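Student: Protein sequence lines, in the order shown, are assigned to chains G and X.
Residue numbers for the first sequence follow my numbering, so the first one is 48 and each next one is one higher.
Residue numbers for the second sequence follow my numbering, so the first one is 4 and each next one is one higher.
Simulated from the structure, these hints should not be mistaken for laboratory data.
Hints should not be assumed to be uniformly reliable.
[Claimed, not checked] Heads up, simulated EDC-like pairs for lysine to aspartate or glutamate below, C-alpha to C-alpha not over 20 Å straight-line:
no.: 1; chain 1: G; residue 1: Lys621; chain 2: X; residue 2: Glu173
no.: 2; chain 1: X; residue 1: Lys196; chain 2: X; residue 2: Asp147
no.: 3; chain 1: X; residue 1: Lys38; chain 2: G; residue 2: Asp264
no.: 4; chain 1: X; residue 1: Lys26; chain 2: G; residue 2: Glu500
Here the structure is a predicted model, which is why all the values come from computation and not from measurement.
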Amino acid sequence: MKITAELLAQHNLTTEEYSRIEQLLGREPSFTELGIFSVMWSEHCSYKSSRVHLKRLPTEGECLIQGPGENAGIVHIGDDWCAAFKIESHNHPSFIEPYQGAATGVGGILRDIFTMGARPVAAMNSLRFGPIDSNGNGNAPRNRRIMTGVVKGIGDYGNSFGVPTVGGEVYFDECYSLNPLVNAFALGLVRKEQIFYGKAEGIGNAVVYVGAKTGRDGIHGATMASAEFDEAAMEKRPTVQVGDPFSEKLLLEACLEAMRSGAIVGIQDMGAAGLTSSSCEMGARAGNGVEINLDLVPQREEGMTAYEMMLSESQERMLIVAERGRERQLQEIFQRWDLDAVTIGHVTPEPKLRVFHKGDLVADIPNAALTEEAPRYNRPQAKRPAAVRENLKDKIDLIWKRVDGDLGTILEQLVASPNLASKQWVWSQYDHMVRTNTIVLPGSDAAVIRVKETRRAIAMSLDGNGRYCRIDPYNGARLAVMESARNVVASGARPLAITNCLNFASPERPEVMQEFSDTVDGIADACRALGTPVTGGNVSFYNETEGRGIYPTPVIGMIGVANDTHTITTQWFKDDGDRIILLGESREDLGGSELLNSLAGYAGGNVPRLDNETELALQSICVELIEAGIVKSAHDCSDGGLAVALAECCFSTYRHNAIGAKIDLSEHAKLSEVEPETQHRSRVLSLLFGESPSRMIMTAKSDDVAMIRDLAQRRDVPFAEIGTVGGSQLSIELDDSLLLQSELNQLESLWSSSIAQRLDHP
Amino acid sequence: MKFGVVVFPGSNCDHDTYHVISKVIGQPVDFIWHKEEQIDHFDAIILPGGFSYGDYLRTGAIARFSPVMRSITGFARDGGLILGICNGFQILCEAGLLPGALMRNQNLRFICRHVNIRVERTDTPFTSSCEQGQVLSTPIAHGDGNYFCDSETLAELKREDRIIFRYCDESGTVTREANPNGSLDNIAGICNKERNVLGMMPHPERASESVLGSNDGRLIFSSLAVSLNQLLKVRA
Numbered sequence: 048m049k050i051t052a053e054l055l056a057q058h059n060l061t062t063e064e065y066s067r068i069e070q071l072l073g074r075e076p077s078f079t080e081l082g083i084f085s086v087m088w089s090e091h092c093s094y095k096s097s098r099v100h101l102k103r104l105p106t107e108g109e110c111l112i113q114g115p116g117e118n119a120g121i122v123h124i125g126d127d128w129c130a131a132f133k134i135e136s137h138n139h140p141s142f143i144e145p146y147q148g149a150a151t152g153v154g155g156i157l158r159d160i161f162t163m164g165a166r167p168v169a170a171m172n173s174l175r176f177g178p179i180d181s182n183g184n185g186n187a188p189r190n191r192r193i194m195t196g197v198v199k200g201i202g203d204y205g206n207s208f209g210v211p212t213v214g215g216e217v218y219f220d221e222c223y224s225l226n227p228l229v230n231a232f233a234l235g236l237v238r239k240e241q242i243f244y245g246k247a248e249g250i251g252n253a254v255v256y257v258g259a260k261t262g263r264d265g266i267h268g269a270t271m272a273s274a275e276f277d278e279a280a281m282e283k284r285p286t287v288q289v290g291d292p293f294s295e296k297l298l299l300e301a302c303l304e305a306m307r308s309g310a311i312v313g314i315q316d317m318g319a320a321g322l323t324s325s326s327c328e329m330g331a332r333a334g335n336g337v338e339i340n341l342d343l344v345p346q347r348e349e350g351m352t353a354y355e356m357m358l359s360e361s362q363e364r365m366l367i368v369a370e371r372g373r374e375r376q377l378q379e380i381f382q383r384w385d386l387d388a389v390t391i392g393h394v395t396p397e398p399k400l401r402v403f404h405k406g407d408l409v410a411d412i413p414n415a416a417l418t419e420e421a422p423r424y425n426r427p428q429a430k431r432p433a434a435v436r437e438n439l440k441d442k443i444d445l446i447w448k449r450v451d452g453d454l455g456t457i458l459e460q461l462v463a464s465p466n467l468a469s470k471q472w473v474w475s476q477y478d479h480m481v482r483t484n485t486i487v488l489p490g491s492d493a494a495v496i497r498v499k500e501t502r503r504a505i506a507m508s509l510d511g512n513g514r515y516c517r518i519d520p521y522n523g524a525r526l527a528v529m530e531s532a533r534n535v536v537a538s539g540a541r542p543l544a545i546t547n548c549l550n551f552a553s554p555e556r557p558e559v560m561q562e563f564s565d566t567v568d569g570i571a572d573a574c575r576a577l578g579t580p581v582t583g584g585n586v587s588f589y590n591e592t593e594g595r596g597i598y599p600t601p602v603i604g605m606i607g608v609a610n611d612t613h614t615i616t617t618q619w620f621k622d623d624g625d626r627i628i629l630l631g632e633s634r635e636d637l638g639g640s641e642l643l644n645s646l647a648g649y650a651g652g653n654v655p656r657l658d659n660e661t662e663l664a665l666q667s668i669c670v671e672l673i674e675a676g677i678v679k680s681a682h683d684c685s686d687g688g689l690a691v692a693l694a695e696c697c698f699s700t701y702r703h704n705a706i707g708a709k710i711d712l713s714e715h716a717k718l719s720e721v722e723p724e725t726q727h728r729s730r731v732l733s734l735l736f737g738e739s740p741s742r743m744i745m746t747a748k749s750d751d752v753a754m755i756r757d758l759a760q761r762r763d764v765p766f767a768e769i770g771t772v773g774g775s776q777l778s779i780e781l782d783d784s785l786l787l788q789s790e791l792n793q794l795e796s797l798w799s800s801s802i803a804q805r806l807d808h809p
Numbered sequence: 004m005k006f007g008v009v010v011f012p013g014s015n016c017d018h019d020t021y022h023v024i025s026k027v028i029g030q031p032v033d034f035i036w037h038k039e040e041q042i043d044h045f046d047a048i049i050l051p052g053g054f055s056y057g058d059y060l061r062t063g064a065i066a067r068f069s070p071v072m073r074s075i076t077g078f079a080r081d082g083g084l085i086l087g088i089c090n091g092f093q094i095l096c097e098a099g100l101l102p103g104a105l106m107r108n109q110n111l112r113f114i115c116r117h118v119n120i121r122v123e124r125t126d127t128p129f130t131s132s133c134e135q136g137q138v139l140s141t142p143i144a145h146g147d148g149n150y151f152c153d154s155e156t157l158a159e160l161k162r163e164d165r166i167i168f169r170y171c172d173e174s175g176t177v178t179r180e181a182n183p184n185g186s187l188d189n190i191a192g193i194c195n196k197e198r199n200v201l202g203m204m205p206h207p208e209r210a211s212e213s214v215l216g217s218n219d220g221r222l223i224f225s226s227l228a229v230s231l232n233q234l235l236k237v238r239a
């Protein structure tokens, strides 16, 4: 086949990239080879635009067993147990085909975990959609359909597979309209000595194909995910794969059994770029080559070409390197689970990927050409022109006028806003209890699972804030990392390590590239301060449709460990008479807030200031107090600020009715009465709804308050006793004047019904 | 005394059930592979929750043809104790060991949450340690839990006191609001005429340890252990 400019364009390869292919091969590539290069050099597989930046992330730490570069990162969690975890995006497929796109996203991340030898024990996901409100939004029906499909896809896959989906986040913003983000996280447990790697070691060892048969689905999926969409996006539907959670469940059990048998040398999931990436990456990691014969590959359809087989992204498949002579044993294990296990090749000394089909050598490529030698771009960067600064005072006045100065109305509107409302509609469709390890139900700051074999528990949280990152990518990223750590801390665990999913628009736009680079620096700064290494993650570029890109949206997945399940704490207020404490300082941090976004439609201003030292001091005393067993509830103040956080503490949860609180902020904040009225408004709104980081709401028995005060004073953490738990209202006072008073029943009903109403009765 | 937990391809609550029997109740237990036909050495058999065969055709519809199901039918006929939880209940209905069917939830969505169920009868080996009318807090997690049967069967179930659990509110009142999935007459669990086979949609194994929020479900397993003990004594 003649290689033309048109053919290259179809493969998303530039002419420079093509010359480089010729140079690396020393000849013209075959059609199959062109296909292989196009997927391996796609943004999705090669990280060509991001690699030069990702190098700046800290990847070392005491707990680290496996950093970036493998299928998942692994950290030591104590005793001889390790956690394998990772997050990955499935944004593009979820836009084209929400149900299957999201389902296969879950399937892919689960395989990344069990290919390391770890049994998946928890899943989470970070979802972003366009607005689902009908008023004046033409895309709302489509956004609702995408959301409904994505949630069902995640549920159906995870539920059937048998992994609990224990938490995550859901946000709405116009920039995600037609650009939904679906980031799937999974975590698995593995004993230290039972970890497996994707390495083709041992010359002469067998290369065994296991799992589902190969079909024509998902061809060029990786390439599709490496380009922006136009109005013809729906024509790309066949590039989305179809998920089969039942096969995946069988594959999991068979793989774990095969791993225990000792016959497996290396193993890798066939994810993006399927057979191609698994074979050349396993070879590259071991410095060996892999030779395969496609005639032996189990096929679902007749007449598939070498090109199609190498590029197929059929799901639920794995590539195994097995000890020579033990192929039979492997076959028996997989047969028991009704799965194919076929030897399709062997490991060779020459570090090349060699592919035979019908007697012909159809591809013969050095591994390095597909991996280390893949293009790397340091793309141009440019600061985004500063947005027109609108006067914050005008926005505040607008909000004030809209509610006639009634702060209770603001609270009601905020808790009912889709970003802050209860996400029960979403998580009640996920089995979040299977495996009977879930000790904190969805809805609290972090999800927590116990590790049955030990006394320990793992806490995990996904956090990102696109609005902050649009305003200030560097600080927005720092805030996201620190918030995820604070969430883990609020449950009583110590932050250990992160994974991250970096969702951005086209890297070919200099301002996007600048935002990306700043984001990486922000994550690096916060992770260094916390001592939590980055164990891996995923970059998703080209999140733009018809020229409109998303906000820079890094999503951080933090995990932490608590040494004793008994001290795990949740955010909900517990008993009448408990004293409420607020640690940290509230400043005038309204920039980028949910208040301005929801009530004034404004996403500007300065993001809250974050000081690493202050944050670390807060986090460390919180963990110590929780470990000491005197904290009855702990909740981070973030989106929506103090008033929303207090309301969330009051709401009901399993076996706890809603319980009120009487708050007096006089010890925490001072407002001078002589201030001009506008200044006063801004101060009050900031106090109640500002989003200053490094704050925590706690409750304790009154006898224990002094101890908390002492520790806070010794560590220089601002401390204030702000009220008492009890009653059926949430009331907030300051300097003897009542700021707001809300009936909890009414507030909770607004909060809990908001999402369901929008989706079920639009 | 030996418990068996059946493993169908796609079962995913098998380990959870095994954990409760071995670690919480402290009784000997083994997994039973779905291709197994020799099950005589077990005294009680549990069909666990999950998605047997992916539930692709209809929940439980393929699992009933597993080799192990032939033996289980014989085991039931001989008076062996069988508990079907969630997918296990669906399989028992498909296999004809229990009457009726589990249809799609009324809201057409999968539902995972804690619900309250009322113990309607304590004269079964599965509820003997409960109190009549006791309210148990246990989770449900299913897409097809909407119990249905024809009116004759319902009359028979009532007449023979075979409705063992009903969805109810916290105080034990059976209300429409407390019915999570549209089940006929708020039915959450039923038994066969001989009272040795019970199917229930809620997951007692998920509510058997206080760290998980509830240990009400433990009563089902401890009832089973006590009943079995008595049964074995009688046989001896």
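Student: It remains to establish, for every hint, whether it holds in the given structure.
Tutor: To see whether the hints hold, each was checked on the structure:
1. G:Lys621 to X:Glu173: 19 Å, holds
2. X:Lys196 to X:Asp147: 24 Å, violated
3. X:Lys38 to G:Asp264: Cα-Cα ~32 Å, so violated.
4. X:Lys26 to G:Glu500: It holds: about 11 Å lies between the C-alpha atoms, which stays within 20 Å.
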